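Number of protein chains: 2
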Amino acid sequence: MELLIEKIKNEGTVLSSSVLKVDSFLNHQIDPRLMDEIGKEFAGRFAHSGITKILTIESSGIAPAVMTGLRLNVPVVFARKRKSLTLVNDLITASVYSFTKEENSEISVSSHYLSEDDRVLIIDDFLANGQAALGLAEIANKAKATVAGIGILIEKGFQDGGSTLREKGYRVESLAIISSLENGLVSFEQPTTETKVELTR
Amino acid sequence: MELLIEKIKNEGTVLSSSVLKVDSFLNHQIDPRLMDEIGKEFAGRFAHSGITKILTIESSGIAPAVMTGLRLNVPVVFARKRKSLTLVNDLITASVYSFTKEENSEISVSSHYLSEDDRVLIIDDFLANGQAALGLAEIANKAKATVAGIGILIEKGFQDGGSTLREKGYRVESLAIISSLENGLVSFEQPTTETKVELTR
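Going down the list, the protein sequences come from chains P and U. Going by this note's numbering, 47 is the number at position 8 of the first sequence; the sequence numbering is gapless. Going by this note's numbering, 178 is the number at position 139 of the second sequence; the sequence numbering is gapless.
Because the hints were derived from the structure by calculation, they are not lab data. Watch out, some of these pointers could steer you wrong.
[What the hints assert, rightly or not] Chain U side only, calculated, beta carbon under 10 angstroms to chain P, not exhaustive:
{"id": "1", "residue": "M74"}
{"id": "2", "residue": "D75"}
{"id": "3", "residue": "T91"}
{"id": "4", "residue": "I93"}
{"id": "5", "residue": "E97"}
{"id": "6", "residue": "A104"}
{"id": "7", "residue": "V115"}
{"id": "8", "residue": "H151"}
{"id": "9", "residue": "S154"}
[To be verified] Below, a list of computed lysine-lysine pairs in the BS3-like style, where the Cα atoms sit at most 25 angstroms apart:
{"id": "10", "chain 1": "P", "residue 1": "K46", "chain 2": "P", "residue 2": "K79"}
{"id": "11", "chain 1": "U", "residue 1": "K140", "chain 2": "P", "residue 2": "K120"}
{"id": "12", "chain 1": "U", "residue 1": "K60", "chain 2": "P", "residue 2": "K120"}
{"id": "13", "chain 1": "U", "residue 1": "K120", "chain 2": "P", "residue 2": "K60"}
{"id": "14", "chain 1": "P", "residue 1": "K120", "chain 2": "U", "residue 2": "K120"}
[Said to hold, decoys possible] What follows is a list of derived Cβ distance ranges for each label pair:
{"id": "15", "chain 1": "U", "residue 1": "L42", "chain 2": "P", "residue 2": "S150", "range": "25 to 35 angstroms"}
{"id": "16", "chain 1": "U", "residue 1": "E206", "chain 2": "P", "residue 2": "E41", "range": "48 to 58 angstroms"}
{"id": "17", "chain 1": "U", "residue 1": "K140", "chain 2": "P", "residue 2": "S134", "range": "47 to 57 angstroms"}
{"id": "18", "chain 1": "U", "residue 1": "Y136", "chain 2": "P", "residue 2": "E228", "range": "41 to 51 angstroms"}
None of the values given here were measured: they were computed from a predicted structure. C-beta atoms are modelled at their ideal positions from N, C-alpha and C, and glycine is treated no differently.
Looking at chain P on its own, in the form it has when it is part of the complex:
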């Protein structure tokens, strides 16, 4: 998605060979117009997937997920990283390992908001090792829902999350795929054939 790639080029900061900071439009400050365009893009790519629910994780997934939900006219559920005081019963949980924080955390969703009839679109900001997406897919699977697709804003193509998810058979649509963050520079992959097909629909 050209608009997102341009935004990353203009405002992204390479903190290390594996960490890209996009705090000015996604992870701390949010650009609502960009999120609206991202919502339209995901809604277009998954228009024929029969999506009934969007599943994301707090906090940075919420803005793009809600914009996508608006366009697809389906509710959004965000998994919580911490326990909520008013969300205590009937939780479906998954354990997610963070390579950057080097710790396991538990994410949870109320079983009230996912059912076996749901066709779920998972949305997240970054895809690196795939732990968050796998955790969300595990929660959907535990609810006997179908994971109809995974929409990612920024995939780190040089880490193995994307291939892990695709090898498991998930349809992963990434709006920007970064091939390298070496030497303080952001390089982007060309869209894959699969993505090209989707884009020309």
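Fit chain U to the known structure of chain P by using the hints.
Quick look at chain U alone, frame taken from chain P:
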């Protein structure tokens, strides 16, 4: 706002005389269409306030804040409750006491995204004791920005946050004001004169 009040009546659950659970459309599952309408409503109420930035707090404030930002065409910044790995320098912080959790927590915003030229609209999901809104206002004040208004989805009129903020001179616009949660029932306040004026603009 009639749409929000109807949603609370139909889907809200009274957990105690002070706790209303609205997990089905705001705090866990999110209704994107409702958020869109809420964004339009806040944008209308604050259309002539010269807003340059929206300030909210993760996680439940993000969806209504982004929809409002889209309509007002301004960026959204969400304060973090936990420290981010990529957000470490130049933090403006405030201490927020949670009466429900009975603990202090620190919220933080990068100084990069608030300046003395900003006219800030604070958006949050609930207003009870006003601690979160006061913390956000403190952060805006530390950045020398102007707090041009506070937009709340659900105000607990029987707690003192609303009067505290209004006595400090802040313009508070609440889309639904609950007068009581006694006996498992939700009662709503009639809109104040001030709100009526705003609605007929």
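Each hint, compared with the structure:
no.	hint	result
1	M74	6 angstroms, holds
2	D75	6 angstroms, holds
3	T91	12 angstroms, violated
4	I93	9 angstroms, holds
5	E97	4 angstroms, holds
6	A104	8 angstroms, holds
7	V115	4 angstroms, holds
8	H151	8 angstroms, holds
9	S154	12 angstroms, violated
10	K46/P with K79/P	17 angstroms, holds
11	K140/U with K120/P	16 angstroms, holds
12	K60/U with K120/P	18 angstroms, holds
13	K120/U with K60/P	19 angstroms, holds
14	K120/P with K120/U	12 angstroms, holds
15	L42/U with S150/P: 25 to 35 angstroms	27 angstroms, holds
16	E206/U with E41/P: 48 to 58 angstroms	50 angstroms, holds
17	K140/U with S134/P: 47 to 57 angstroms	24 angstroms, violated
18	Y136/U with E228/P: 41 to 51 angstroms	47 angstroms, holds
Of the numbered hints given earlier, the model fails hints 3, 9 and 17; all others are met.
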